[in-house]
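Enquirer: So you can see what is in the structure, the chains are spelled out below.
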Amino acid sequence: MTHRITLTVNGIQRTLHVEAADTLLRVLREELHLTGAKKGCGEGECGACTILMNNQAIRACLVLAVEADGADIVTIEGLAPPGEITRVQKAFIEADAVQCGFCTPGFVMALEGEMRRNPHATRDDLLNALGGHLCRCTGYESILQATDTLARQLAQKTKKSKK
Amino acid sequence: MNLEYCKPQTLEDLLAETRAGTHLMAGGTDLLVDMRSRKKTVQRIVDIKAIPELRGIRETKSGLEIGACETFTALRESPLVAAWSPALRECADVMGCHEIRHRATLGGNICNSSPGCESGVVLSVHEAQVRIASTRGVRLVPFDTFATGVNRTCLEPDEVVLSIILPKAADSLSFYRRITRTAGMDLACWNGAALVLQPRTPAKRVVRISFGTVMPAPYRPRAAEALLSRRPLTPADMDQAYDLIIREIAPRAGSVRASPAEKKRAIRNFLDELLERLAP
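Line by line, the protein sequences are chains E and U. Going by my numbering, the letters in the first sequence line up with residues 1 to 163, in that order. Going by my numbering, the letters in the second sequence line up with residues 1 to 280, in that order.
Among the hints, a few may not be true.
[Stated by the list, open to error] So the derived label-pair ranges between C-beta atoms look like this:
hint: 1; chain 1: E; residue 1: D72; chain 2: U; residue 2: R58; range: 52 to 62 Å
hint: 2; chain 1: U; residue 1: G137; chain 2: E; residue 2: N54; range: 46 to 56 Å
hint: 3; chain 1: E; residue 1: Q13; chain 2: U; residue 2: R268; range: 54 to 64 Å
hint: 4; chain 1: E; residue 1: Q99; chain 2: U; residue 2: T135; range: 51 to 61 Å
hint: 5; chain 1: E; residue 1: K162; chain 2: U; residue 2: Q43; range: 18 to 28 Å
hint: 6; chain 1: U; residue 1: P260; chain 2: E; residue 2: P81; range: 54 to 64 Å
hint: 7; chain 1: U; residue 1: Q9; chain 2: E; residue 2: N54; range: 41 to 51 Å
Just so you know, the hints here were simulated from the structure itself, not pulled from any lab data. Even glycine gets a Cβ: it sits at the ideal position worked out from N, Cα and C.
Between the sequences and the hints, there should be enough to build the whole structure, so can you do that?
Expert: Next up, the structure:
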């Protein structure tokens, strides 16, 4: 059965016809050609397809496109204006936290999601947000370094805002 | 695959749409996995997320009522849940992973009725009630009779879970434990929960314990509970309780989760922790 859905993707409103069985991930990648979210396992285990839906990190392989009717979707492509990057992306670059890059958008979106949801997120909150993400090449060490940098930045901000 | 999908906006419409051949979808984190692996043939999905009656975490006369569509993120962040049931809070903290917790719901968790259902052992020790609706009316079912087996519940094809009610347990302590292969995200290979009423008064103390993955549904060892209740406890009591439990349970060899030996060891550790928590 075909459904007509309207959603906002990276700030642009889109109206699409989708099949009821289409996952949001398939529509993002194959209809909108936003290939930043990756299809790893396809069953919610690996985290590579993580995107923001209504400012919350979710697995796009476990959401039907019809469920996203009316939703605000942000993918890695829409995190920052063209030519700019976010503090999470900057931290990843500085820590060399990317090797093959397949898992990276998922890790970045998970941290972005937690930091938007919870501006006072602690290191534990950030690590918790990464709990369901797999990386097969970095050994995680550099990703944890990037996460530590972000946790320190957030802690400083929290301290300032309390003053 | 010609899948049908609808998203009713009112409870009345939802009940009219719920019938044999319908798969109700809340968070979809189990349903979509089962569809993909073809474990389930799904022809018709009814999305229940828009129904206001399935939302909310509130104190009522009968206890703490949790709407079926409340997510695990909502549970772990709810001060009411933390106050009423540390065990439910602990279980919500570790279920799935961050992104799964944002979508997965308490109602979905119990309707999927996996043998290691994260919330199952907790609801079982709380003697939670499940509020169920259909066009025929509303009924309350004790959780222990709701979960009838592996992926099986007592729900009729036209019924919908509205909410889960934890009865008052004012002076109590509770905790949740599980074993997993990895810390980040995994199924519970084994899990257990304890709720102790009047924990500081041995003569009045009531001990309830429940274990997952050792029987088709969360399992309460009643004989062991009776042995551990209403008396000061010694390590020898724990040995005896363990023997009683081991005699009754039937963990499957070749399970995807953990071996029978690992599950038994986990129960032993769980009983030791219980003794420690109840030490004067």
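Enquirer: Please go over all the hints and tell whether each is borne out by the structure.
Expert: Checked hints:
1. Remark: the range hint 52 to 62 Å for E:D72 to U:R58 is contradicted by a beta-carbon distance near 28 Å.
2. Separation of U:G137 from E:N54 is about 35 Å and departs from the stated range, judged on CB atoms against 46 to 56 Å.
3. The beta-carbon spacing between E:Q13 and U:R268, approximately 58 Å, falls within the hinted interval of 54 to 64 Å.
4. Taking the beta carbon of each, E:Q99 and U:T135 are about 56 Å apart, inside 51 to 61 Å as hinted.
5. For E:K162 and U:Q43, the hinted distance range of 18 to 28 Å is not satisfied, since their beta carbons lie about 55 Å from each other.
6. The beta-carbon spacing between U:P260 and E:P81, approximately 57 Å, falls within the hinted interval of 54 to 64 Å.
7. In this structure the hint that U:Q9 and E:N54 lie 41 to 51 Å apart at CB is violated, the actual value being about 18 Å.
Violated hints, listed in ascending order, are 1, 2, 5 and 7; each of the other numbered hints is respected by the structure.
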